[in-house]
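*Asks:* Make a model of the complete structure from these sequences and hints.
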Amino acid sequence: MTAIVEIDGQTGRLLLSGQFDFSAHRDFRQACDEVLGAAGVNEVLVDFQQVDYLDSSALGMLLLLKEKAAAAGKTLALVNCRDTVRQVLEIACFGKIFTIR
1 MTAIVEIDGQ TGRLLLSGQF DFSAHRDFRQ ACDEVLGAAG VNEVLVDFQQ VDYLDSSALG
61 MLLLLKEKAA AAGKTLALVN CRDTVRQVLE IACFGKIFTI R
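Here our numbering is used: position 79 in the sequence shown is 79, and no number is missing along the way.
Derived by calculation from the structure, the hints in this document are not laboratory data.
As the structure is a computational prediction, the values presented were derived from the model and not from experiment.
Note that the Cβ used here is the ideal one computed from N, Cα and C, for glycine as well.
Hints should not be assumed to be uniformly reliable.
[Claimed, not checked] What follows is a list of derived Cβ distance ranges for each label pair:
1) S17 x G60: 16 to 24 Å
2) E34 x L63: 14 to 22 Å
3) D27 x A71: 19 to 27 Å
4) G40 x T84: 20 to 28 Å
5) A39 x G95: 13 to 21 Å
6) S17 x R101: 12 to 20 Å
7) T99 x G60: 14 to 22 Å
8) Q87 x A39: 35 to 43 Å
9) G9 x S56: 29 to 37 Å
10) Q19 x G40: 25 to 33 Å
11) D27 x R82: 15 to 23 Å
12) R29 x Q50: 16 to 24 Å
13) I91 x G40: 31 to 39 Å
[Stated by the list, open to error] Dumping the calculated BS3-like pairs for lysine-lysine here, alpha-carbon to alpha-carbon at most 27 Å:
14) K66 x K96
15) K68 x K96
16) K74 x K96
*Replies:* See the structure below:
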């Protein structure tokens, strides 16, 4: 998986692509630190448009990101989820924890 950070005004976007699993934890953490540390960003969007798979470790990484974003006073949303990704998020009841657009 690759994680690219884009900053547009007050919105930081994490563009993910590939399989989001444990092997991606280092790249994901670095991208999260970059977007959370960006001055002026108050909303973080995690873009799943190019993600075709995620596992339980990815869910854990998303929960940690949510905690870090809240501690930094930033909102967080999961966007552009493909059907397979959306199903995993729904099974894990992430719709109750995250804003999913």
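*Asks:* Can you list which hints this structure breaks, lowest number first?
*Replies:* Violated hints: 4 and 5; rest satisfied.
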